[in-house]
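Enquirer: Chain by chain, the residues run as shown.
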Amino acid sequence: MNNVFIDVDYAQIYKHGQKIGGDVFLLSRNPENHQIVATLSDGLGSGVKANVLASLTAHMAHKLSFSPIDLNHSAKIIMDTLPVCKERKISYSTFTIADVHYNDDNTDIELSLIEYDNPLALRFHGSENIPIERVKTTLHRSGAFKEEVVSSSHMTLGVNDRLIMFSDGVTQSGLGLGLPLGWRLDGVRKFVTEVIDKNPDISSRELSRMIVQRANSYDGYSSKDDITCVVIYIRRPRRTLIVTGPPFTKEADEILGEKIREFDGKKIVSGGTTAQIVSRVLGKKLTIDMKCWSKDVPPSSKMEGIDLVTEGMLTLSQVAKILEKRLNVADLPNDPAKKFVEILLDSDQVHFLVGTKINEAHQDPNIPVEIGIRRTIIGRLRNALEEIYLKETSQEYL
Amino acid sequence: MDRVKVRICLGTACFVQGGADLLLFEDFLAPELLEKCDIEASPCLNQCRIGNGIAPYVEINGIIHDNVDQDKLIKLLQEAVNAGN
Numbered sequence: 001m002n003n004v005f006i007d008v009d010y011a012q013i014y015k016h017g018q019k020i021g022g023d024v025f026l027l028s029r030n031p032e033n034h035q036i037v038a039t040l041s042d043g044l045g046s047g048v049k050a051n052v053l054a055s056l057t058a059h060m061a062h063k064l065s066f067s068p069i070d071l072n073h074s075a076k077i078i079m080d081t082l083p084v085c086k087e088r089k090i091s092y093s094t095f096t097i098a099d100v101h102y103n104d105d106n107t108d109i110e111l112s113l114i115e116y117d118n119p120l121a122l123r124f125h126g127s128e129n130i131p132i133e134r135v136k137t138t139l140h141r142s143g144a145f146k147e148e149v150v151s152s153s154h155m156t157l158g159v160n161d162r163l164i165m166f167s168d169g170v171t172q173s174g175l176g177l178g179l180p181l182g183w184r185l186d187g188v189r190k191f192v193t194e195v196i197d198k199n200p201d202i203s204s205r206e207l208s209r210m211i212v213q214r215a216n217s218y219d220g221y222s223s224k225d226d227i228t229c230v231v232i233y234i235r236r237p238r239r240t241l242i243v244t245g246p247p248f249t250k251e252a253d254e255i256l257g258e259k260i261r262e263f264d265g266k267k268i269v270s271g272g273t274t275a276q277i278v279s280r281v282l283g284k285k286l287t288i289d290m291k292c293w294s295k296d297v298p299p300s301s302k303m304e305g306i307d308l309v310t311e312g313m314l315t316l317s318q319v320a321k322i323l324e325k326r327l328n329v330a331d332l333p334n335d336p337a338k339k340f341v342e343i344l345l346d347s348d349q350v351h352f353l354v355g356t357k358i359n360e361a362h363q364d365p366n367i368p369v370e371i372g373i374r375r376t377i378i379g380r381l382r383n384a385l386e387e388i389y390l391k392e393t394s395q396e397y398l
Numbered sequence: 001m002d003r004v005k006v007r008i009c010l011g012t013a014c015f016v017q018g019g020a021d022l023l024l025f026e027d028f029l030a031p032e033l034l035e036k037c038d039i040e041a042s043p044c045l046n047q048c049r050i051g052n053g054i055a056p057y058v059e060i061n062g063i064i065h066d067n068v069d070q071d072k073l074i075k076l077l078q079e080a081v082n083a084g085n
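Going down the list, the protein sequences come from chains U and E. When you line the first sequence up against the numbering used here, it's residues 1 to 398, in that order. When you line the second sequence up against the numbering used here, it's residues 1 to 85, in that order.
Derived by calculation from the structure, the hints in this document are not laboratory data. Mixed in with the good hints there might be a few duds.
[To be verified] Within a straight-line C-alpha distance of at most 27 Å, the following computed DSS-like cross-link-like pairs (lysine-lysine) qualify:
hint	chain 1	residue 1	chain 2	residue 2
1	U	K291	E	K36
2	E	K75	U	K295
3	E	K5	U	K190
4	U	K302	E	K75
5	U	K291	E	K72
Extracted from the complex, chain U is given alone in its bound form (with noise of 0.2 Å):
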């Protein structure tokens, strides 16, 4: 499994009244080619035009990043092709591009930057700005008002790094109402370091969320622009280990223990028989949390060092149907199944850890038969994380 994790996210507001934006963000994993290939455009003006202006570009950039031609010359390929506008004699859109590339286990994560017209990205390591080295190409365009400039730079990301590319709308925000400037580079860059001091963990989705939504209020809550900010987050990946079932033999109880022991990260224990062996040999107390359940989940059980202590069959059955459903988890009731989900929602890598030994309870035949067999629902928690929530998993028997 990965050691390292890249999280991307955006978030973005339309200006107020707009049912579409005039930013356009696209991503795309390649993962046969190691690359991700993230591009915001913003389109002249707002609504439908500035849309099909925006998409149109982005598209553009997006597909010419996953062929062989260098991402400069990608860049002025766009340029040529990007019609100016008659009036304003300016470009009818501006992009950013960030082309990454990783190696097999996802370090040496070298990403490339193209930059036209946007707000200039932000980098930081950990709450830190670092500055970005940019190399200037100046373009002449028939028709346009000025010299255009292309800038591309180059850098190597290492856990703990971030880039942040926004829109205008970012920057421009308050302008005129509050801040007589705009909230400008300055701001968001203050803004960002402040966010990350207090929540160095802070992920992609929600750090992008929250200058989206200062932006936002700088603008009286009724953005003047589309506002739109996306995120690449170089992070460790949030694990967690789901032990479920007592292993085949005794002598492996031990085994289990170490691994358990041993592992970084969140920690479940599914199976009445499987948390007594886990309780027994990292000389842990059980106790039933009889506050905790509902008609299909058995109460969970409160072990310290491990987070969530559960039933085995039903829960995991439960487990498995919210994820292949896609339940929104805050309609759920308040039992160990919702936790559950919680922990898996929250994390990137999930690794089984699946006992064999059979379990003599479960061969009543006055049992319901969806209590199945516990390889047949694992294999469907995996297939439902990969499938539909895009998350790692792996398996181990013991």
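Got chain U; can you put chain E on it based on the hints?
Expert: Same frame as chain U, now just chain E:
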């Protein structure tokens, strides 16, 4: 007088075959009976492995009872409380 010690098995087999009903003990046990008992749950009492009985199992003062439903639990607890007096 010693309080009656009760452990309800909540293994998968017991839970689906009636253990869930027993968890509602606060609703169906009379308050005067409830206050003389310490009721807790167990992740598994390991009884189906031995195989002399039918789930759900309940342990009362160290003695295992099988096939317990709400009525049977009331009866068993009443007996245990009377025996202790």
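Enquirer: Return the numbers of the hints above that this structure violates; sort them in rising order.
Expert: Checked against the structure, the hints that fail are numbers 3 and 4, while the rest are satisfied.
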